[in-house]
Amino acid sequence: MQVHKYDVVIVGAGGAGMRAAIESGQRARTAVLTKLYPTRSHTGAAQGGMCAALANVEEDNWEWHTFDTVKGGDYLVDQDAAEVMAKEAIDAVLDLEKMGLPFNRTPEGRIDQRRFGGHTRDHGKAPVRRACYAADRTGHMILQTLYQNCVKHNVEFYNEYYALDLLTVEEDAVRPDGTAYKQKRVAGVVSYDLATGELHVFQAKSVVFATGGAGKVFKTTSNAHTLTGDGMGIAFRRGIPLEDMEFIQFHPTGLAGLGILLSEAARGEGAILRNSEGERFMERYAPTIKDLAPRDIVARSMANEVREGRGCGPNKDYVLLDLTHLEPAHIDAKLPDITEFARTYLGVEPYTEPVPVFPTAHYVMGGVPTNILGEVLQDNDTIVPGLYAAGEVACVSVHGSNRLGTNSLLDINVFGKRAGIAAAEYSQTAEFVDLPENPEADTVALLEHVRNSDGGEKVAAIRKELQDTMDANMQVFRTADTIERVLADLDAFEERYSRITVQDKGKRFNLDLLEAVELGFLLELARVMTVAALHRKESRGGHFREDFPDRDDANFMLHSMAYKDAAVTAERSAEHVAGIRLETKPVVFTRYEPMVRKY
Amino acid sequence: MSPIETAETAPEPASKIDLPAHLGGGGGEIPSFDITLRVRRFDPETSAESTWEDFAMTMYGTDRVLDALHKVKWEQDGSLSFRRSCAHGVCGSDAMRINGRNRLACKTLLKDLDTSKPITVEPIKGLPVEKDLIVDMEPFFQSYREIMPFLINTGHEPAKERLQSAEERERFDDTTKCILCAACTSSCPVFWTDGQYFGPAAIVNAHRFIFDSRDDAGDLRLEILNDKEGVWRCRTTFNCSEACPRGIQVTQAIAEVKQAILSRKI
Chain A
0 MQVHKYDVVI VGAGGAGMRA AIESGQRART AVLTKLYPTR SHTGAAQGGM CAALANVEED
60 NWEWHTFDTV KGGDYLVDQD AAEVMAKEAI DAVLDLEKMG LPFNRTPEGR IDQRRFGGHT
120 RDHGKAPVRR ACYAADRTGH MILQTLYQNC VKHNVEFYNE YYALDLLTVE EDAVRPDGTA
180 YKQKRVAGVV SYDLATGELH VFQAKSVVFA TGGAGKVFKT TSNAHTLTGD GMGIAFRRGI
240 PLEDMEFIQF HPTGLAGLGI LLSEAARGEG AILRNSEGER FMERYAPTIK DLAPRDIVAR
300 SMANEVREGR GCGPNKDYVL LDLTHLEPAH IDAKLPDITE FARTYLGVEP YTEPVPVFPT
360 AHYVMGGVPT NILGEVLQDN DTIVPGLYAA GEVACVSVHG SNRLGTNSLL DINVFGKRAG
420 IAAAEYSQTA EFVDLPENPE ADTVALLEHV RNSDGGEKVA AIRKELQDTM DANMQVFRTA
480 DTIERVLADL DAFEERYSRI TVQDKGKRFN LDLLEAVELG FLLELARVMT VAALHRKESR
540 GGHFREDFPD RDDANFMLHS MAYKDAAVTA ERSAEHVAGI RLETKPVVFT RYEPMVRKY
Chain B
0 MSPIETAETA PEPASKIDLP AHLGGGGGEI PSFDITLRVR RFDPETSAES TWEDFAMTMY
60 GTDRVLDALH KVKWEQDGSL SFRRSCAHGV CGSDAMRING RNRLACKTLL KDLDTSKPIT
120 VEPIKGLPVE KDLIVDMEPF FQSYREIMPF LINTGHEPAK ERLQSAEERE RFDDTTKCIL
180 CAACTSSCPV FWTDGQYFGP AAIVNAHRFI FDSRDDAGDL RLEILNDKEG VWRCRTTFNC
240 SEACPRGIQV TQAIAEVKQA ILSRKI
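Chain order of the listed sequences is A and B.
When we follow numbering that gives the first Met the number 0, the leftmost residue of the first sequence carries the number 0, and every step to the right adds one.
When we follow numbering that gives the first Met the number 0, the leftmost residue of the second sequence carries the number 0, and every step to the right adds one.
Quick caveat, the hints were computed from the structure, so don't treat them as lab data.
All C-beta atoms in this analysis are idealised placements derived from N, C-alpha and C, irrespective of residue type, glycine included.
Check each hint, because a few of them may be wrong.
Listed next, with one range per pair, are the computed distances between beta-carbon atoms [stated by the list, open to error]:
(1) K4(A) to G154(B): 37 to 43 Å
(2) S115(B) to D549(A): 54 to 60 Å
(3) G154(B) to A54(A): 23 to 29 Å
(4) M56(B) to E62(A): 53 to 59 Å
(5) A565(A) to L112(B): 49 to 55 Å
(6) S262(B) to Y591(A): 56 to 62 Å
(7) E167(B) to E62(A): 31 to 37 Å
(8) K159(B) to M0(A): 49 to 55 Å
(9) D552(A) to Q248(B): 52 to 58 Å
(10) R484(A) to E167(B): 53 to 59 Å
(11) D111(B) to G455(A): 35 to 41 Å
(12) D564(A) to L112(B): 50 to 56 Å
(13) T105(A) to D215(B): 20 to 26 Å
The calculated DSSO-like cross-link candidates involving lysine-lysine, where the alpha carbons are at most 30 Å apart (straight line), are [to be verified]:
(14) K218(A) to K70(B)
(15) K315(A) to K70(B)
(16) K463(A) to K110(B)
(17) K151(A) to K159(B)
(18) K86(A) to K159(B)
The whole structure should be built from the sequences, with the hints applied where relevant.
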């Protein structure tokens, strides 16, 4: 086992990780660990745009953007964080342009902007053109541009190094009010080199988690195979809470049956959703902004159309995205990739045929709690010195219970930059925390267990059943019954997981072994999502409980905070699930009072 | 129509949709077919030789080569090793040789191949094989880094964005699509025999900056590509253009770089 020493170690090389690395790398000795190659990260799959109130094409300002973000998140957004994001969005876009990002341009040569769901002029009056974009490849361009600038700044990457553990120590500490508590401090990361199967310990003063989401708990998802929630899982196992994990975004327009993303930019450019009767059904659900309503509303409306028998196809299980009234030249210029996806994967010609679509699991609004500096919280108020998180793995919370389209590309840039700067600056003043004795011991035990267990259960079979039950019971519509079903299934899956057999016993590129480890994270996170969903007896944003269809501000205008806690043994009937302790955290309000959310 | 006049201001546009039976609810079965996947296996931990191994399976409808590989890995042989991530042709992880042609496994539909014969799958050529379909990508990224793949602008920074006309932006649009999958470079016969050659992907990425009106280092990059291992090694076989899963006109981009070197006019 090798030990490396860096001031800052960044885990993950998507948009957030590389944005952090560009800042940190110029200030402190920095290493970036990534389970892929940087340019393979799923930021590259983002399509439609990145919002900032540049006002290049029509009147706009960051305060309207803040309001849209807060309302879009159904008021569970921490408003101080949303304000930071909307304000710094402008510089975030300009930073990228200066780094070389090839944005689409207006006739005057400025960055062009287009409409996107939930982004409005003057507090909801009409859609506004706020999304800066590069055709429907905005995420690709962001990922490439950030990687290019990492090359420029000689950022040190460890490619195909999986992070498997976070090294922390706990110290006795006393709060100002005299109560004693355990203060966590970060010491480093344990990493697995895919090429050799060797473990590497990275000792660091600062660690930035930028590991992305966990969409693979679902079957139908826009997420990459590699989005297995590793960072969230690692943090949770080390006693860091996970915030608001019941809120999963289902993107309305996934290619039916496949889940491959078709950007909301299609509707931004004028595409229309239709049911089996050819009706533009969004007029009934969101009379003012129709097809450009936020994603949670559109996804639910689509699912409702299908449920009421107005779905299309042999099984009447999807609706149609109609671009046929748009000029082919306009489609080619603005939406080239997604129309190619429709052709390649469904054999549909979007110039003349409607594209079958259905909601697809897209984004985890929750995650590792941080403050607006990107510092990770170990409870509602206490930061873990030296530990940072940014991007989808984190919950700042700028997305509340439903993220607006484009706000994730914004989030990774704004908070990636903040976390990178903060991590580097902290490392300049802090000392290394001594590594615990045998820092790799837990990881060795985990890997040995996975490698040597011999019960004959297949990882892929358990994963498929997990994804099936999550799709069936934890998707757009939920009830106590469906959620309980998942919890019962999870008990069975976890028992089977203890009896898996990994076929590949080799050291080199043992992805069989890593898939088994990843399944462990997926099972853990599915349980957190499910328990949090069971407790939230209201409907808000991406979490819709048919047994509690209304938003309940009196009881639930609160973030949920799930802790791994072996001491919790209560029965499910008592609203507790063994091993998880649920607490709450207040929402930060600045200028917006909660209102009924209508579009 | 103008893109600005959509949504709430304009009347709802008339749909051209005439729902075909299979969309409107006419029924229909998902077709299935039996295939044999013939995979080039290599594991230096067990043998210095690589071998072919056949896997038989039933696949469905719009399944792709990547689905077939997953079926092998998840149901038959967990040791089969290959890279993949996004599974829809944007991350560039799963370039491989399928029936002798470089393609992305996640973008190649089985029904578009001749399923009456075994479908051969091999690692891309010209890079050292690490295990099964996994190759060492480091030499590929080394060439990429050498062409200075980042915007270099020596002027003072404007307060807002640099201006660029739509036409200037269009000039290098094609080469911005590159996902660094190496399908082009590893399809190039020159690269197979001369590993020092920069290869198409590095030249494509140089092109992306050389023809960007905001960049000031075009001459430097042209100098680098004027090297004996640079653009002049290209024999214009068009393998790279055929291999590119993003439809980039790679050979044309290389020709434009050659032309720019000759005329030193960017």
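Hints versus structure:
1. Against the hinted window of 37 to 43 Å, the Cβ-Cβ separation of K4(A) and G154(B) comes to about 39 Å, which satisfies the hint.
2. For S115(B) and D549(A), the Cβ-Cβ distance of about 59 Å falls inside the hinted range of 54 to 60 Å, so the restraint holds.
3. In this structure, G154(B) and A54(A) meet the distance hint of 23 to 29 Å, their C-beta atoms being roughly 25 Å apart.
4. Taken as a hint, the range 53 to 59 Å holds for the pair M56(B) and E62(A), whose Cβ atoms sit roughly 57 Å apart.
5. The hinted range of 49 to 55 Å is satisfied by A565(A) and L112(B), whose Cβ atoms lie roughly 52 Å apart.
6. Checking the proposed 56 to 62 Å range against S262(B) and Y591(A) shows it holds: the Cβ atoms sit about 59 Å from each other.
7. Distance hint check for E167(B) and E62(A): the Cβ-Cβ separation is about 33 Å, which falls inside the suggested range of 31 to 37 Å.
8. Checked against the hint of 49 to 55 Å, the pair K159(B) and M0(A) passes, with Cβ atoms roughly 50 Å apart.
9. Checked against the hint of 52 to 58 Å, the pair D552(A) and Q248(B) passes, with Cβ atoms roughly 56 Å apart.
10. Separation of R484(A) from E167(B) is about 57 Å and conforms to the stated range, judged on CB atoms against 53 to 59 Å.
11. A beta carbon spacing of about 37 Å between D111(B) and G455(A) agrees with the range 35 to 41 Å that was offered as a hint.
12. Under the hint 50 to 56 Å, the C-beta atoms of D564(A) and L112(B), about 52 Å apart, fit the expected range.
13. Take T105(A) and D215(B): their Cβ atoms lie about 24 Å apart, and the range 20 to 26 Å holds.
14. Between K218(A) and K70(B), the direct Cα distance comes to roughly 16 Å. Compliance with the 30 Å bound is thereby established for this hinted pair.
15. About 28 Å separates the Cα atoms of K315(A) and K70(B), which keeps this hinted pair within 30 Å; it holds.
16. For a cut-off of 30 Å, the pair hint linking K463(A) to K110(B) stands: about 24 Å separates their Cα positions.
17. A C-alpha spacing of about 22 Å is found between K151(A) and K159(B), which places the hinted pair at or below 30 Å, so the restraint holds.
18. Taking the CA atoms of K86(A) and K159(B), the gap is about 15 Å. The hint holds against a cut of 30 Å.
Of the hints listed earlier, there is not a single one the structure fails to meet.
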